[in-house]
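Trainee: Hints given; two lone chains; assemble the complex.
Sequences listed follow chains A and B, in order.
Here the first sequence is numbered in my numbering, starting from 1 and rising by one per residue.
Here the second sequence is numbered in my numbering, starting from 1 and rising by one per residue.
These are computed hints drawn from the structure, not numbers from a lab.
Heads up, none of these hints are tricks.
With a straight-line Cα cutoff of 20 Å, these simulated DMTMM-like cross-link-like pairs (lysine to aspartate or glutamate) come out:
1. 159(B) x 195(B)
2. 7(B) x 87(A)
3. 159(B) x 182(B)
4. 61(B) x 51(A)
5. 61(B) x 41(B)
6. 7(B) x 93(A)
7. 6(B) x 85(A)
8. 6(B) x 93(A)
9. 295(B) x 305(B)
10. 7(B) x 85(A)
11. 6(B) x 87(A)
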Amino acid sequence: MARFAGGKAPFLRKYDEKDYGTQVIMKDFIIALVPVILFAWYKNGIQVYLDGNINFLEMLYPLFFILMGAIISTTMEGIFFYVTDKEHRGAKEISQKLSLSFAAIPGLILALLLPLYTPIWVLIFAAFVATIIGKMIFGGFGHNIFNPALLGYAVVGFTLMGVVNAAGGVFNASEVLIDSYAGATPLGVLASGKEIDYNILVKPYGTLSNFFIGTIPGALGETSALAILFGGLYLVIRKVIKWYTPVIYVGTVFVLSWMIGALSGETGLWFPTYSILTGGVMFAAVFMATEPVTTPTNVIGKVFFALFLGVLTVLFRFVGNLPEGVGTSLIFLNIFAIPIDKFTAVIRTKRFSKPGGLYFGILTVLVILLAVYTLVKAGSMYTAFQIPFIGWVI
Amino acid sequence: MKIFMKKYLQITIFSLLLVLAFVFGGIYSRYMTSQIEVHAEEQAIAQFNQSLINLAGMGSKVVEAAYEDMEKEYLVPGFANLTYNPELSGSYKILDENNIEVAVIYIIITVGRYDGVEVAYAINIETDTLIDVLVISNKETPAYFRTLDFGFYDQFENKTFDDVVFTIDAVSGSTYSSLAFDAGMNYARELYARDYGFEIPNIVYEINSVIRNFDLETFVEKPFIVNITYGPENNILEAYFDNQYNLVEIISGNMPDQTYLDLFKNDLPTTTFADMKTFIRSYDEVTRKIVIDTKAYGGMTVSVEFELNENLDSVTGILITSTQTYDSDYNDLYAGAPAPAVENAYRNQYLSDGTYHDSIAGATITGNGLIRIFTLMDDVLEAWNGGGN
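Just chain B, same shape as in the assembly (with noise of 0.2 Å):
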């Protein structure tokens, strides 16, 4: 060993500063470039909590809860029975510098015109308040969901929990997305009640029925006729609303206060039992001509003007205004010609034998909202003649 050593001590020290160099530098070089991933998450996570906290806009440190989700349905947009569960993906308590609670996030994912509308809704524990919405990630079509303005938004701001029609005001050509927000924000709501005991405001009322006015004199400013029972001393209240389910006219029963009224006209439009998106828009009785609208896909309105014969008993003459985009790059469902294919359709049949279309691949909702409308002509002439067209 002597003899090895000293024949072959430099070399061998030079070989193991060469091999300690290559393991240990190798390690440490190793681990400088693993620590890059793990600092860009880092980074990413207190970028997604800066971001929480600016969303808060209140609280310095951001603690990750563990609330779950619960039982709660509410319809998909765009059909009349589907529901569905939103989803809660996250949820995080924003604590200011004593380490006190002040807000809560809820990140939730609803369905708007797809599945998969995340958006971070955060919570003023304080004073029961919606402080802000933070749109996490979604997969609307992008040209409808940039119609989301700052308008729309600002409708979250400091949104108190206590109002009993607690929603939103839908943006015209993006209604599905609205109604996500407006779903996930519901569903907020009743999360925060679970997890904070809060109370939601709740006002017994029942809508008994909902029938159409057609009489000639009244039928396009008093649409529709309701039938509510109301109140702790449940009162009944027969009246006349209008298109945008506001109170006309009583028929009896006393005027209910605000709070009713706002409910009322929040619900309305949700009930079954009449068509509530089909409007008698106008009635020109010198022309003879009725005009009804709808809202069909994309939210966007169908306009049919009806002319009608001397007797009123039957259609003469059909004029659609539309803007549906059945044949869009969006819609590869669609194989017929493009629009108005699917208006004209439906006029000329509705002209020549008095029936419509069942639904037309591709264009369903556009189909659907003409027939609605021409149920309604039918409907009309059967009260005005007790017969059809």
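Excised from the complex, chain A in its bound form (with noise of 0.2 Å):
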């Protein structure tokens, strides 16, 4: 039965507060990314130049860098206003959409995502594909199906990697010294060794407390957990995000990894806290597993969204040949949302009565079938143990 709220008129809504609503759950967000921000110019920048190693200009670069992702996503969109909407076209106009539109975000965002030496007309292809395709072609802000920023991510990903890697990749000045890294992030050397050792995965890079801190190799924004957390904490504090579907998220990835890794004869806490550690599962899951246009607005859908996310990420990356797994992960997860949302918004109304515990068996099952046929797809991969008839067929 559906649920109504009583009380006296009139009803204000807490969006029409003066510290509520999108514009200053935005402001919350930009806030929440300065942790992130600061900590990638620290690591490539400050500290690089700090080691002597890069001069004064190369060290302003990775905040210049992720400064241009807001400023071509911002001016992308104003282009597309100004194209769009031949009645609006004055400054003060567009100066107003811009702001209800946030379109410096996506840009940020997308700089953050990407390693230190893209190129900057890469940065522009991927803001294009992040603004103009992922976003304003469906409506502009609030009508997106895919998290923007992930869709430029995700394109340059599949087609201009090359280009980025070899015009430096993610090393900075300093990583590229050490001899130990080999010219691989942690992910990579997981993708390409297929090999669950903790001397291989994680002592070239010192210890889980660097990945922690995030003085590995990695893209910008996605090294630090320990920055991202901030971020986070603020925006649970704020009351911008749900702090469990990051919680949900990440404690999918780590149990997961935990399995795998036990099943390949590694039942150390340490394999699933470098899981959960390398990559972006961090930063996807602060600041795009909560982004409230492309994942379901009620509880229980976050619940299997962080759900589904988790398995997902896993699947890609211990068994496909995605190191990283999380953006793919999201983008197709992107596409569910509505659905996802649907169906448990009928859970919530109608708890387990018909339609609603069908749509919770439904998608209970779908979970664990997917978390299973993970396991034993990875767990194939990184020991010779193999599940007697499930492991032929699946």
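Mentor: Structural data, given as structure tokens:
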């Protein structure tokens, strides 16, 4: 049965309050990104400069690159507004539209997802895909199906990563000097070696605390779990995001990774910890899996979304040929955000009576089946152990 | 213009922003990428300089020096008459924290088994000593070059330039590579003498003659009779020397001091008065067996045991002990049967008619070694009997 709020009129919407609403949410979102941006600048610019490996101009580049993402995506949206709306081409009108559209955010996130040495023309191309194709063509802010930044990142990942790597890739001027890195990111090592071994996956990069702090090679914004946690904590306190979405997502990746490790004979907690601290798991958990437009809006929907996301991340990462897995799984799930939202809304209102129970059962069985499939396939890749019969079929 | 600006100001600004982002951002990112190579080069130079400082074990700064090559000929290993001039590929001054020069490093290319043995020689300019050496690059056969172990490299550490006999012991199996180091070290001393006014110790002496001793009683223990003029007073010494070029017994003259003995020991192997590579190792009067050794390919010993008849005027049997590798992967000139085909060919021919083959293509060094042995055997028989075998 549907539930209704009771009380006396007038009913003021929370969104009309001064310190609430999408504008405030997006401002909070940008504030939450500040520690991530600062750490990216520190790790790839300031620290490398202090090491004596780059000059002052190079030191400024990481910050410049991130800001360029914001400027380019804002500019593109401005042009789009100008071209598509002949009635409202005034500077003030466009400026207002840009402000309501949070034009800078896709570019900002996009720059944080890309490697330091991404050529600017690649960033412009990615920003075009993110802003124009991923967002504006669908109707602008609030109407997009895919996370715009992620779409831009995915297109670059599938088409131009060779160009990015040729231009320098993810390694900053200090990291290229570290022999133990051997030109590979932690996830790259796992993908190429298919071996779960602390000495191979973690030791060349220091300890797990390096992974937590973020002093390992990786895209600009994804390496520091600590900075991301600061941002996430701020968003949770400001009630911009729900705490359980990132927790369930990261928890699912953690548990499944531990099981895969255990199947290969490595029962230590280092491997699941490594798994959640590498790649974009933490960044996606806080800044993308919680994005209000492209993810479900109700509680049960968010829970199932996070569960599916965790399982798919592990599936793509450990079974598929995608070392990262996070971006692909998120884009894939963006497609199903609306159906999940609809099904889980029914579950929420109908509880377990028909058809809520049925929907709940279907979603639960799907998550479990995917998880089992992931474990069986990944288990056989990292160990000689084969599950009889099942392994032959799937 | 005003109308245009009013109508298109916004789009112009946005377009300009995008173009500026493309152009200046592009230049900036290009610059960043180009800097990767610059930093790689800087880092390589820094690492190289650090390796030079580590080699010298002193100082904190490296400055490239502009020293040039000089004319100095050394024998190409394995050749009696072919010489070459080492090449100075780089020279560096090592400075301390007060910018005072404390050491110099010469990087010299010499010839071993192949051309291109590039080694850095670090010299302490205060003590005139070789501090240490560092191999920069080489094209030597890896399996042989690896036999140059710590014991070999230890010889260079703190080696004084004041030594009259300025040489190192070669490593068996890697003799040519060892000689490359030896030539480089001597060339480094020559350069150092020129660039830093160091006086290379010079002792006057001359080997007048070296003849073999074929006396049946003493020819194994005292194989060489050497005549030398030495010292400022032109002292004459005639003495027996053994196979290791140590003075065994004085025939005439006085015992020289140890410096001269070291010098004789060092220089006798290179004299052309006699074949100094081939030795009579033993002679058994009962069995009438005489064993002659020589150094052949790779510095490895080839040993031939000759059995003589009762009159000691003819060879009745030959046993060759050899580990020569003329049919190895490294020698594609050799087209004959596998080892010991060359040894067998020489033995059979010598036993049949007392002659020996010319050199066999691809096994020249082995063949020349055997020829030297048979020649010495002929000389022994001739000395004892006044005739051949």
